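Residues per chain are reported as follows:
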Amino acid sequence: MEFSVEQIASFLHGEIVGDGSIKVNNLSKIDDGKPGTLSFLANSKYTNYVYETKASAVLVRRDFTPEQEVKTTLIKVDDPYACLALLLNMVDQATRPQKIGIEENAYIAESAIIGNETYVGAFSYIADNVQIEDGSKIYPQCYIGNNVKIGKNCIIYPGVKIYHNCVIGNNVIIHAGVVIGGDGFGFAPQNGEYVKIAQIGNVVIEDNVEIGSNTTIDRATMGSTIIRRGTKLDNLIQVAHNVEIGNNTVMAAQVGIAGSTKIGSQCMIGGQVGFAGHITIGDNVNIGAQAGIPNSVEANSNLLGSPGIPIKEFARQVVLTKRLPEMNATIKQLQKEVEQLKSMLSENEGK
Amino acid sequence: MEFSVEQIASFLHGEIVGDGSIKVNNLSKIDDGKPGTLSFLANSKYTNYVYETKASAVLVRRDFTPEQEVKTTLIKVDDPYACLALLLNMVDQATRPQKIGIEENAYIAESAIIGNETYVGAFSYIADNVQIEDGSKIYPQCYIGNNVKIGKNCIIYPGVKIYHNCVIGNNVIIHAGVVIGGDGFGFAPQNGEYVKIAQIGNVVIEDNVEIGSNTTIDRATMGSTIIRRGTKLDNLIQVAHNVEIGNNTVMAAQVGIAGSTKIGSQCMIGGQVGFAGHITIGDNVNIGAQAGIPNSVEANSNLLGSPGIPIKEFARQVVLTKRLPEMNATIKQLQKEVEQLKSMLSENEGK
Amino acid sequence: MEFSVEQIASFLHGEIVGDGSIKVNNLSKIDDGKPGTLSFLANSKYTNYVYETKASAVLVRRDFTPEQEVKTTLIKVDDPYACLALLLNMVDQATRPQKIGIEENAYIAESAIIGNETYVGAFSYIADNVQIEDGSKIYPQCYIGNNVKIGKNCIIYPGVKIYHNCVIGNNVIIHAGVVIGGDGFGFAPQNGEYVKIAQIGNVVIEDNVEIGSNTTIDRATMGSTIIRRGTKLDNLIQVAHNVEIGNNTVMAAQVGIAGSTKIGSQCMIGGQVGFAGHITIGDNVNIGAQAGIPNSVEANSNLLGSPGIPIKEFARQVVLTKRLPEMNATIKQLQKEVEQLKSMLSENEGK
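Chains as they are written, first to last, in our numbering: chain B, 10 to 360; chain F, 10 to 360; chain X, 10 to 360.
Some clues are possibly wrong.
Since the list gives no way to pick one copy over another, a pair counts as held whenever it fits inside one copy or between any two copies.
[What the hints assert, rightly or not] Each computed DSSO-like pair below joins lysine-lysine, with the alpha-carbon atoms no more than 27 Å apart:
1) 321 x 158
2) 158 x 108
3) 108 x 54
4) 341 x 331
5) 85 x 205
By construction, these hints were calculated from the structure, which means they are not laboratory data. Computed from a predicted model, the values in this text were never measured in an experiment.
Based on the sequences and whatever the hints tell you, model everything.
As C-alpha cells, then:
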C-alpha cells in the first residue's frame with residue numbers, strides 16, 4: 010500500500026510545497042520520522058522537527074510559514090491532526106484482519122442466531138440462544154454465554170468471556186481477555202465462614218463503548234451493572250456488581266470501582282484511582298491518577314489524593330508536607346525563644 | 010419460571026398481606042422494583058420504598074407494621090435477607106447453564122481421570138494425569154496442566170489456566186481468566202542481567218475458596234503458594250510465589266501481595282491494598298482500601314494509609330494535614346509576635 | 010526422579026558430611042524441610058534451622074562449621090545458592106511439560122511458517138503470515154495474529170493473545186493470559202463524544218524478556234511500544250501505547266505506565282507504582298511500591314511516595330506526619346504562652 014503525496018494531498022484537499030511525486034507507505038511521529046513515511050505537525054512545540062525530520066512528507070497547517078530551509082515535502086491542510094486521524098483510520102482498515110464467516114472449529118449452539126456479514130473465529134463458543142447482529146466480529150477463543158445479545162458492528166477480540174444473559178449494544182469494541190458478567194463479590198458471614206450470595210443480574214454495555222484488555226465487569230446481584238453510551242474503559246479496570254457508569258466517561262487503566270457506585274457522564278478518571286462502594290460521582294468530574302474516593306462527589310469537581318480533595322488543596326498540601334521539617338524546626342526554635350522571653354520577663358519581674 | 014406469591018410464602022413459611030394470587034418471575038431491589046418481581050426490605054433505611062415500589066410483592070419482617078397505605082403484596086417472614094439469599098440461589102440454579110458431559114472438541118489426555126456428573130466444555134485442554142473429581146464443571150477454553158488435581162463440585166469458568174502440578178480442593182469456584190501456577194517472579198542478578206530462578210513449587214487452593222476474574226496466583230519457588238479454606242478473592246488480585254492466605258479471609262479487587270508474605274485468617278482487605286514481601290499479617294486484621302503494608306501486622310489490627318497506620322491515627326493525620334496551611338500561618342504569626350515581644354523586652358531592658 | 014546425596018555432591022563438586030547414600034527427590038526451603046528433600050543454607054540468618062530441619066540433606070558453604078550436632082547430611086559447596094538455582098532448573102526441566110509438534114485441533118494458516126522443534130498446542134490460532142522460529146513453544150489456546158513474528162526458543166503459555174504485526178524476540182517467556190498489541194487508549198473529543206484514533210503501530214518485545222500472567226501491553230498509535238532486552242515484567246502490569254522500557258529493568262506486579270513514557274535500563278520498580286504519560290525515567294532508578302511518578306526522573310534516583318520524592322525525604326515526611334498531633338499541640342501551647350507574655354509585658358508596661 011503506497012501512495013504518492015499528490016494522491017494524499019488531493020484526498021485531503023491539501024496544497025503541496027515540494028515534490029508531489031514522492032511516495033509514502035506509512036505514518037510516523039515527526040520526532041521519529043522515517044523515509045517513506047508521512048508525518049504531521051499538530052503541536053507548534055514540535056515545529057523545529059519540520060526542518061530535520063526524515064519523513065518524506067509532513068502535514069502542516071495552511072498558515073505554516075517555514076523559518077528556514079525545509080527538506081521534506083509539505084502538505085498544507087486546514088487541520089493536520091484531523092487529517093492524521095482520517096489517515097490512521099484508513100491505514101488501520103487496510104491492515105487489520107477483516108474476516109467474514111464462521112470458521113471451522115467454532116462451536117455454535119443450534120439455538121443461536123447469527124446475523125449477516127459477521128465473523129466467528131475458530132474455538133469461539135456461542136452458547137444457547139445467543140443473538141449476534143449484523144456486521145459483528147467475534148475473534149477466536151471467545152466465550153459468549155447463554156442468552157447473550159450482541160448488537161451490530163461490534164468487535165470482540167480474542168479470548169473475551171461474556172457470561173450468560175449479558176447485553177452488548179452496537180459498535181462496541183471489547184479487547185482481548187476482558188471478562189464480562191463474572192459473579193459480583195457478595196458473601197454473607199455465617200458462623201465465621203462466608204456463604205455465597207447468588208448473583209442473578211447481568212451486565213449491560215450500551216452503544217459505542219470500548220473496553221480495554223483484561224478489564225473485568227461483574228454482573229449485578231439483581232438488576233444490571235451498566236456502562237452507558239460512548240464510555241471508554243482502558244485495560245485492567247475492575248467494575249464491581251451494580252456499578253453504573255454514565256455516558257462518554259473516560260477511565261485510564263487499573264481503576265477500581267466498588268459495588269453499587271454510580272459514576273456520572275463526561276467524567277475523566279486517571280489511572281489506578283479507587284472508588285468506594287455505594288457512592289455517587291456527579292457529571293464532569295475529573296479525578297487524578299491514584300486518587301482514592303471514599304465519599305460521593307459533586308458534579309464538576311476536580312479531585313486528587315487519597316482521600317481525594319480538590320486539586321488546588323492537594324497541591325498546597327504537597328508543598329506544605331515537604332516543608333514539614335522546616336515547620337518542625339521553627340516550632341522548636343519558637344519554644345526556645347518563648348522560654349527565653351519567659352525567663353527574661355521573670356528576671357525583670359524579680360528586679 | 011413464574012411463581013405465585015402464595016407458592017413463595019408457603020415455601021418460606023411466610024404470611025401474606027394482600028393479593029396472594031399475583032405472580033412474580035424475578036427478584037429486584039426495593040428502590041428499583043418492577044411489576045412482576047419480588048422485592049425485599051432488609052434495611053429499615055429503605056422502609057419508605059415499601060409504599061411506592063412497583064414490585065408486585067415485598068418480603069418484610071414479621072413485626073413490620075405499615076404507617077401508610079401499602080399497594081404491593083407483603084410476605085412477612087422471620088429474616089427477609091436470609092429468605093432473599095435462598096431465593097437468589099434458587100433463581101441462579103434455574104438460570105445458570107447446567108451442562109453435564111464432555112463436549113466434542115475438548116482435548117482430554119488419555120491418562121486423565123474424569124469423575125461422574127462432571128462437565129468439560131469445548132476447547133478445554135485436560136493434560137496428562139489430570140484428576141477431576143465428581144460433580145466438577147470445567148467450562149470451555151480452560152487449560153488444566155499436567156498432574157493437576159481438582160476436587161469435587163468445583164466450577165471452573167471459561168478460559169481459566171491452571172499450570173502443572175497445582176491442587177484445587179472441593180467446592181472451589183474460579184472465575185474466567187484466572188491464572189493459577191504461573192512462574193513466581195524470581196531472578197538472580199548476574200553481570201547486569203537477570204537469570205531466571207526456576208519455580209518448581211505449585212499452588213494449593215483449599216475447599217470452598219472463590220477466586221474472581223483475571224486474578225493471578227503464582228506457583229511457589231519450592232513448596233506451595235496456599236489459599237486456605239473458605240477464603241474469597243475478588244478480581245484482578247496478584248498473589249505472588251510462596252504467599253499463604255489463611256481461612257475465611259476476604260480480599261477486594263486489585264490487591265497485590267508480594268512474595269512469601271503470610272496473611273492470617275478472618276482478615277478483611279480493601280481494594281488496591283499492597284503488601285510487601287516476607288511479612289506476616291495476623292488473624293482478624295482489617296486493612297482499608299489503597300493501604301500499603303510494608304511491615305508485619307499484629308492480629309486484630311485495623312490499618313489504613315500508605316504506609317498503613319491504625320485507622321484512628323490515620324483519620325487524625327488526614328484532618329491535621331488539611332489544617333497544614335492554617336498551622337503554617339499560625340507559626341508565622343507566632344514568629345512575628347515573638348519578635349515583637351523580644352524587641353519590646355529589649356526596649357524595656359534598655360529603659 | 011530420585012538421586013543419592015553422593016550423586017548430587019559429585020555433580021556439584023561438593024563434599025559430603027554424613028550419610029551419602031540417602032536419597033532425595035525434591036528441593037525444599039530449610040525452614041520447611043521434609044524427609045526425602047534436599048535443602049540449602051544460603052543466608053546465615055537461617056543457620057539455626059540446620060540443626061532441626063527434617064530435610065534429608067542440606068547444601069552449605071565449604072567453610073560452614075556446625076556449633077552443635079547435625080542430624081541431616083551436609084553437602085559443602087562453594088556457593089549454595091548458585092547450586093540451588095542449578096538444581097531448581099534441572100528439576101524444572103524434568104517436570105515441566107516438554108511437548109514437540111503441532112497438536113490436532115490447532116489452527117494454522119497456510120501462509121504461516123513454523124520452525125523446527127516447535128510446539129503448537131491444541132486450540133491455538135496461528136493467523137496469516139505468522140513466523141515462529143525454531144524451538145519456540147506455543148501452548149494451547151493462544152492467538153497469534155497476522156504477520157506476528159516470534160523468535161527462537163520462546164515459551165508462550167496458554168491463552169496468550171498477540172495482535173497483528175507484533176514482534177517477539179528470542180528466548181522470550183510470556184505467561185498465561187497476557188495480551189500484547191491491544192489498541193492504545195486514544196480518543197479525540199468531538200461534540201461531547203469521543204472518536205477513536207486508530208492505532209496502527211505495534212509492540213516489539215526484545216530478547217530474553219519475561220512477562221507475567223495477565224499483563225497487558227498496548228500497540229503504539231504509530232511506531233512501536235518497545236520492551237528492551239532482558240527486562241522482566243511481573244503479573245497484571247499495564248504498559249500503554251508508545252511506552253519504551255530499557256534493558257534489564259525489573260517491574261513488580263500491577264505497575265501502570267501511561268502513554269509515551271520512556272523508562273530507562275537497570276531500573277527496579279516496586280508493585281502498584283503508577284507513571285504519568287509523556288515522561289522520561291533515567292537509568293538505574295529505584296522506585297518503591299505504590300509510588301506515583303508525575304514527572305520525569307533523573308538517572309540513579311531512589312523515589313517513594315505519591316507524588317514520588319527521594320526515599321530519605323519520604324521517610325522524614327512519614328515521621329513528621331505522625332508527629333502532626335504533637336506539633337499541633339505545641340503550636341497551641343505556644344500561642345497561649347505568647348498571649349501570656351504579651352499580657353505580662355503590657356502589665357509591666359503599665360507599671
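Here is how each hint holds up against the structure:
Neither within a single protomer nor between protomers do residue 321 and residue 158 lie at most 27 Å apart by alpha-carbon distance, with minima of 45 Å and 48 Å respectively. With identical chains, the CA atoms of residue 158 and residue 108 are at most 27 Å apart both within one copy (21 Å) and between copies (21 Å). Taking identical chains as interchangeable, the C-alpha atoms of residue 108 and residue 54 are never at most 27 Å apart, the minima being 41 Å within one chain and 54 Å between chains. Both within a single protomer and between protomers do residue 341 and residue 331 lie at most 27 Å apart by alpha-carbon distance, with minima of 17 Å and 17 Å respectively.
Only between protomers do residue 85 and residue 205 lie at most 27 Å apart by alpha-carbon distance; the minimum there is 24 Å, versus 63 Å within a single protomer.
The structure fails to meet hints 1, 3 from the earlier list, while all remaining hints are met.
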